[in-house]
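So the protein sequences, as listed, match chains A and B. Oh and the first sequence: position 115 is 529 in this note's numbering, straight run, nothing missing. Oh and the second sequence: position 165 is 579 in this note's numbering, straight run, nothing missing.
Treat the hints as calculated values from the structure; they're not laboratory data. Incorrect hints may have been included.
A pair holds if it fits inside one copy or across any two, identical chains being indistinguishable in the list.
Each computed SDA-like pair below joins lysine to any residue, with the alpha-carbon atoms no more than 25 angstroms apart [claimed, not checked]:
id	residue 1	residue 2
1	K510	S545
2	K510	Q525
3	K511	F529
4	K511	A475
5	K615	G599
6	K615	D542
7	K451	S545
8	K511	G614
9	K451	F588
10	K603	H512
11	K564	T534
12	K511	S528
13	K451	T523
14	K451	A573
15	K511	T523
16	K451	E488
17	K451	S540
18	K564	L439
19	K615	G519
20	K511	L439
21	K510	P446
22	K510	L450
23	K603	G519
24	K511	D613
25	K603	S568
26	K510	D613
27	K451	P546
There are 2 protein chains.
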Amino acid sequence: MNSAARRDLFLWGVDALNCLESRILRDGRVLPGGILKVDGFLNHQMDVTLFEEMAEEFHRAFSSCGVNKILTIEASGIGLACITGRVFGCPVLFAKKHLTKNLAGQFYTAQVASFTHGCTYTIVVSRDFLSPADRVLIIDDFLANGEALKGLISLAEQAGAVVVGAGVAVEKAFQPGGEAVRAMGYRVKALARIRSMEDGKITFC
Amino acid sequence: MNSAARRDLFLWGVDALNCLESRILRDGRVLPGGILKVDGFLNHQMDVTLFEEMAEEFHRAFSSCGVNKILTIEASGIGLACITGRVFGCPVLFAKKHLTKNLAGQFYTAQVASFTHGCTYTIVVSRDFLSPADRVLIIDDFLANGEALKGLISLAEQAGAVVVGAGVAVEKAFQPGGEAVRAMGYRVKALARIRSMEDGKITFC
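Using the sequences plus the hints, can you model the full thing?
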């Protein structure tokens, strides 16, 4: 965020919000069914300048953790993960989603239940690209029920890699995923933690 | 590529190759069926440092075209498109793949035949994010038969946007897509144009 934008936000009385929270209040919309529509800047059209600020926040949180690989999941995690990988100076690996369960031995696989789509799919990464030498930071756009995040943790740990934590753009803190993953002992940095979207009004934790 | 790497390549007699071509020769593999496996640095694990050099090449080619939007397609185009969007300083939009054909009026849609998967899918972008004000650079990882690229061009032109050209990482120049899209009048910048992969040996144009 440039200094003029920060000053504007200060004048609006929202100086305590970070760049993503401010943007959600300005451009996000709450749709029926508890859907937060942020497709103008986060997960369909992507504001890579905003992503850079978000990546810097992830770097401040995890810079001392020896991260040497970013792990994410297709499709909407890839953009933020790549901008974050640039800041960390390390490669980015994305898990692929398959509907078939029987995959050959060249992949690590995990099952992920999708509440949005009402199905279970298999996520896979090649065994070539995760190993015990890896210190993995997981990046994703949303954390709600935590199924995708738990699947990514499983992929990394099957390979013997260390998961140093997860950076997510938006956590729906009124859903159980964040609490569950933190209770498993993982550090989760969420840039915007939404406490409530009742009556279409977004409030942060 | 840093100067030491350039010097090494010069000493090896491959100074005429760019960063991507050099990497393909070093780490790419040709599999039966004409498949070029570059999943260690391009389309599964992604070397974002390499992507930055590739994005700079796209910027040199299209910097005078007034690009104000990058358009790509999920999933493997997104990473390179985001790094490219950072260099151009503009937002990145990715088309989504659907297997359903009937989508409501809020999307631009195009049909894309996939030779790899033996099916036809619908690609979509929201009408909110493409308009006649847009000067679009299309970015993708592979150009072979050109079906995805033609679909992306169609999406942009349905919106009245101007397609200034396409930047692709790898063009399989022995397949017809590149020639077809150029014959339609579009400028295509391919960073690695593969002339042949016969007997597992990769040669560039």
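Evaluated hints:
no., hint, verdict
1, K510 with S545, "within (18 angstroms within a copy, 31 angstroms between copies)"
2, K510 with Q525, "both (12 angstroms within a copy, 22 angstroms between copies)"
3, K511 with F529, "both (15 angstroms within a copy, 20 angstroms between copies)"
4, K511 with A475, "neither (28 angstroms within a copy, 34 angstroms between copies)"
5, K615 with G599, "neither (32 angstroms within a copy, 48 angstroms between copies)"
6, K615 with D542, "between (45 angstroms within a copy, 22 angstroms between copies)"
7, K451 with S545, "between (36 angstroms within a copy, 20 angstroms between copies)"
8, K511 with G614, "neither (31 angstroms within a copy, 29 angstroms between copies)"
9, K451 with F588, "within (17 angstroms within a copy, 42 angstroms between copies)"
10, K603 with H512, "neither (28 angstroms within a copy, 32 angstroms between copies)"
11, K564 with T534, "within (14 angstroms within a copy, 32 angstroms between copies)"
12, K511 with S528, "both (11 angstroms within a copy, 18 angstroms between copies)"
13, K451 with T523, "between (30 angstroms within a copy, 20 angstroms between copies)"
14, K451 with A573, "between (35 angstroms within a copy, 22 angstroms between copies)"
15, K511 with T523, "both (10 angstroms within a copy, 23 angstroms between copies)"
16, K451 with E488, "both (18 angstroms within a copy, 19 angstroms between copies)"
17, K451 with S540, "between (32 angstroms within a copy, 12 angstroms between copies)"
18, K564 with L439, "neither (28 angstroms within a copy, 37 angstroms between copies)"
19, K615 with G519, "neither (47 angstroms within a copy, 27 angstroms between copies)"
20, K511 with L439, "neither (31 angstroms within a copy, 29 angstroms between copies)"
21, K510 with P446, "between (29 angstroms within a copy, 22 angstroms between copies)"
22, K510 with L450, "both (24 angstroms within a copy, 18 angstroms between copies)"
23, K603 with G519, "neither (33 angstroms within a copy, 37 angstroms between copies)"
24, K511 with D613, "neither (34 angstroms within a copy, 32 angstroms between copies)"
25, K603 with S568, "within (19 angstroms within a copy, 40 angstroms between copies)"
26, K510 with D613, "neither (35 angstroms within a copy, 30 angstroms between copies)"
27, K451 with P546, "between (38 angstroms within a copy, 24 angstroms between copies)"
Of the hints listed earlier, those the structure fails to meet are numbers 4, 5, 8, 10, 18, 19, 20, 23, 24 and 26, in rising order.
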